[in-house]
Structures are given as C-alpha cells and as structure tokens.
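Top to bottom, those sequences are chains U and P. Under my numbering, the first residue of the first sequence is numbered 592, with each subsequent residue one higher. Under my numbering, the first residue of the second sequence is numbered 592, with each subsequent residue one higher.
For the record, the hints were derived by calculation from the structure and aren't laboratory data. A quick note: this is a predicted structure, and the numbers were derived from the prediction, not measured. Careful, some of the hints might be misleading.
All copies of an identical chain are treated as equivalent in the list; a pair is satisfied when it fits inside any one copy or across any two copies.
Derived EDC-like pairs: lysine to aspartate or glutamate, alpha-carbon spacing no greater than 20 Å straight-line [what the hints assert, rightly or not]: (1) K626 to D616; (2) K593 to D764; (3) K593 to E678; (4) K630 to E728; (5) K593 to D765; (6) K666 to E676; (7) K630 to D712.
There are 2 protein chains.
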Amino acid sequence: MKLYDMELSGNCYKIRLFCALLGLDCESVAVDLFKGEQKSAAFLQLNPRGQVPVLDDGGTVVWDSMAILVYLAKKYGGESWLPGEAEALARVMQWLALSENEILYGLARARVIKLFNRPGDLAQCQQLGKAGLAVLESRLANGSWLAGDGPTIADIACYPYVALAPEGDVALDDYPQVRQWIARIQALPGYVGMPGL
Amino acid sequence: MKLYDMELSGNCYKIRLFCALLGLDCESVAVDLFKGEQKSAAFLQLNPRGQVPVLDDGGTVVWDSMAILVYLAKKYGGESWLPGEAEALARVMQWLALSENEILYGLARARVIKLFNRPGDLAQCQQLGKAGLAVLESRLANGSWLAGDGPTIADIACYPYVALAPEGDVALDDYPQVRQWIARIQALPGYVGMPGL
Chain U
592 MKLYDMELSG NCYKIRLFCA LLGLDCESVA VDLFKGEQKS AAFLQLNPRG
642 QVPVLDDGGT VVWDSMAILV YLAKKYGGES WLPGEAEALA RVMQWLALSE
692 NEILYGLARA RVIKLFNRPG DLAQCQQLGK AGLAVLESRL ANGSWLAGDG
742 PTIADIACYP YVALAPEGDV ALDDYPQVRQ WIARIQALPG YVGMPGL
Chain P
592 MKLYDMELSG NCYKIRLFCA LLGLDCESVA VDLFKGEQKS AAFLQLNPRG
642 QVPVLDDGGT VVWDSMAILV YLAKKYGGES WLPGEAEALA RVMQWLALSE
692 NEILYGLARA RVIKLFNRPG DLAQCQQLGK AGLAVLESRL ANGSWLAGDG
742 PTIADIACYP YVALAPEGDV ALDDYPQVRQ WIARIQALPG YVGMPGL
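Next up, chain U with everything else stripped away, as it sits in the complex (with noise of 0.2 Å):
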C-alpha cells in the first residue's frame, strides 16, 4: 500500500495514524506541494483535485482523505471503526461532515494562514473553527467518542486538526472535553504523532 504524503498536511496524517492504529504497512511517498508537484499531470492522473492525500492499495487509487478513511476503515478495520447500520452510520457522518467544514475551513486553514503565510481571513477562520470546537465540546460532555460507545474514523477525521488549532492561534483552554478526548485517541494502542504534536 503506498501513500501519496506530505508530512506537515493534517489530512495525509488522518491516514498515516489509522493505518498505524489498524497495523496496516503503507508506504510514504513524498509530493512536495511548495514546488506544486500536486499539480503535475502525473499526479493529476492519480487525483483530478491535484491535493494529498491519495493512496494506492494494490492499484485500487483512492483520493481525499475523507474516502480513504472510509475505504480503509470498510476494507480492513471492521464495523467497530465504521458501522453498516443506518442510524450508526450517520453518526459517523456526521462528525466526518464536521471535519470537512469548520474544522477544515476553521480550524486547518487558520493554521495554513498562520504557518505557511497562505492568504485568507484569519479572524473568521478563527470564528469558524471555535463554532466547531464549542459543538465538539458539547459532544464530548456526554461521551468519550463522537459517534457510538468507541473510536471511529469520526474521532480520526477530526483529531489532527482539533489538536493543531494552538498552531492557527486557536487556544484549547476553553475546552476541557476536547482535550480530554485528545489525551484518549494519544493514548490507543499504535498511535504516532505528527509533527507539532
């Protein structure tokens, strides 16, 4: 299985975490995106979206970290990481919908404006990304998880982002629950870090 990586993306992390926590060997191929080498027509033939990550499992070539979690979860983690049930299910999709809107254009792009200079509204990133820590924080009032009694790709789809906030000026003070949960998922079995973490 190989990944195509880059070390610094939260996103590309969300999968190198889950394949360590399900002991899955991938290995890491390094696209270099300051020299835009997402964006080359070789790399465009692998993800039309010219954007980490993408993973290759035996010629099956999955992009967006969202699917990838998904495929992996489905194909190799179990109903435990990903339920077949509707309602359960949903749940799940929900909080991966979380992931990909206040905390991807909150929490991730208040951290790119910040740490790579990129342009964009930090205040409002900012704004965004405490809206999605306050609805995490209610979550997590009444539970350990985001979806169901365990881990799910839910818990690694937000996680990466969730704990980079401090990099993008977005304190974790306020709230306890989030860090708390931060502590639970650094603590299963196989975790790794990435770095900032």
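Fit chain P to the known structure of chain U by using the hints.
Structure of chain P alone, referenced to chain U:
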C-alpha cells in the same frame, strides 16, 4: 418523517430531492434562517451546529445533508444509491467530499454572496467552484454518473449547487458534460426542482 427545511437552501433541497426519488413521504417544517430560528435554543437541541437540514425520522434525529443522505440511502434506498463494498463506497465518498469542499465553499458560497449579499471573496469562491466543475467535467467525460454505473447519493449531493452555479455568476457554458449530467438527473423518475432550477 419531518425535515427542518429552508426552501432556498441547496443543502435542504438535496434531501427533498432524494426523498422524492425514493418515494418517501417527508413533511417540511420551515425554519426562518433570516430570523435566526436555526440558532434558537430549541433548534440547537436538534442540531448543535445551528444549521438546516435536520431530519427527524420517528425520533431518530440526523443533522447535516451528507449524513442525512447516507442515512436515507442506507435505510430506505438500498445498495444502488450507496454501495457497501469498500471501493464502490469510497468512490461515492470521493464525490461527497467534493460536494463539501469545491462545491460548498466555492459554488454555494458564491451564490449566497450574490443572492443574499453575504460577506466573502466572490472571485475566490468562483475560482474554487470552477476548479470543482473542471473535476466533474473530466469525470463525466468517462461516465454518465459520478460513482459507478447508475445514480448514487454522490450525484444528489453534487447536483444542487452545480445546477445553481449561474446564480453565483458561474456559467456552465464551458462544461457540456456537466450540463448533460444535469439533464440526466432532471429526467430521473420522481425528480422535483427548487426555485432557481
């Protein structure tokens, strides 16, 4: 089944459309976003994110359009709308991800800036939206539907804000494959439209 709904929201329309295609009865409960009803204490009990759509299916409450589509497909739609096999499911998820990113933060946001005078960088949203349209165009040059051989919830999730793109001053003239796909969706048995379509 009850849908907390707003007529002009493309995200709400995804659910009305999918219910119509599945032949499901769904009562629409109007939420007045302009009056801020979605941020009331009662509504936040239903959805902590304070957004429509929210589905109440006999007491099972699901928020977020993507999660609701997955719920309805799994419970009432069957394998053709949302396959269970890992790779086929990942193909659907790839396009759900596009619907939450280039389409929602590009095309849909350009539309609310133009239509409802919301703040935001119109040119940047249009550019992101066009990047999404280009990806759709290349996919649809190689298949009639986004994921697999027939319509799935991937098509339902991407369709509304793509078809409404001209309301955000993004013309579809340069995307003939996308326009044919729009026509295919509009020809599905049970199809219903929304204002602007």
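20 Å Cα threshold - placement of E678 relative to K593: For K593 and E678, the Cα distance is within 20 Å only across copies (16 Å; inside one copy 32 Å).
From the Cα coordinates, with 20 Å as the cut-off, is the pair K666 and E676 best called within, between, both, or neither? Both ways: K666 and E676 sit 16 Å apart in one copy and 8 Å across, limit 20 Å.
Regarding K630 and E728, is the shortest C-alpha distance of 20 Å or less found within a copy, between copies, in both, or in neither? Intra 37 Å, inter 17 Å, cutoff 20 Å: inter-copy only.
Cα distance capped at 20 Å. Does K593 pair with D765 within a copy, between copies, both, or neither? For K593 and D765, the Cα distance exceeds 20 Å both inside one copy (39 Å) and across copies (35 Å).
Indicate which option fits the pair K630, D712 if close means a Cα-Cα distance not exceeding 20 Å: within, between, both or neither. neither (25 Å within a copy, 24 Å between copies)
Since the copies are identical, ignore which copy is meant and state whether K626 and D616 lie within 20 Å (CA to CA) inside a copy, between copies, both or neither. Answer is neither: 27 Å inside a copy and 52 Å across each miss the 20 Å cutoff.
Using 20 Å as the alpha carbon limit, work out where K593 and D764 are close: within a copy, between copies, both or neither. neither (37 Å within a copy, 38 Å between copies)
In terms of the numbered hints stated before, the structure departs from hints 1, 2, 5, 7, listed from lowest to highest.
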